[in-house]
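Asker: Sequence:
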Amino acid sequence: MAFGRIVFYAGGTEAQYQAVIDEIGPAFSDVPERILHASGGSDDGWLMITVWTSKAAFQRWAQEHIGPAHQRAGERGWQSPPETTDFETFHVLT
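Under this note's numbering, the first residue of the sequence shown carries the number 1085, and numbering increases by one thereafter.
Any given hint might turn out to be false.
[Said to hold, decoys possible] What follows is a list of derived Cβ distance ranges for each label pair:
(1) T1168 to G1109: 17 to 25 Å
(2) I1150 to G1095: 27 to 35 Å
(3) T1097 to T1137: 27 to 35 Å
(4) F1174 to A1140: 24 to 32 Å
(5) G1158 to T1137: 15 to 23 Å
Please keep in mind that the hints were generated in silico from the structure rather than gathered at the bench. Backbone N, C-alpha and C define an ideal beta-carbon position, used for all residues, glycine too.
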């Protein structure tokens, strides 16, 4: 069953999101195990929704790319930890 994660950065901005994505580089686009990535601003911050083939696939990619990218982005990136919600998907339509 696929794995989903909702991530919310209260007060987050497009510029902070882009700073982290820029630090991930080409690895952001070349992710065969990621089924879906959507992100955008809300009234209260920045929201992302991702769906992966499995939780293990997400965790491997996150450990290799997300943590290091956050460190490299520094002050340009997120300034506080996100609120996250994980779920097993029932239905994925892309």
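Asker: State for each hint whether it applies.
Answerer: Comparing the hints with the structure gives:
1. Judged by the Cβ atoms, the range 17 to 25 Å given for T1168 and G1109 holds: they are separated by roughly 23 Å.
2. Range check, I1150 to G1095: Cβ separation about 19 Å, and the 27 to 35 Å hint is violated.
3. The hint said 27 to 35 Å for the Cβ distance between T1097 and T1137, and at roughly 30 Å that hint holds.
4. A beta carbon spacing of about 19 Å between F1174 and A1140 contradicts the range 24 to 32 Å that was offered as a hint.
5. A beta carbon spacing of about 31 Å between G1158 and T1137 contradicts the range 15 to 23 Å that was offered as a hint.
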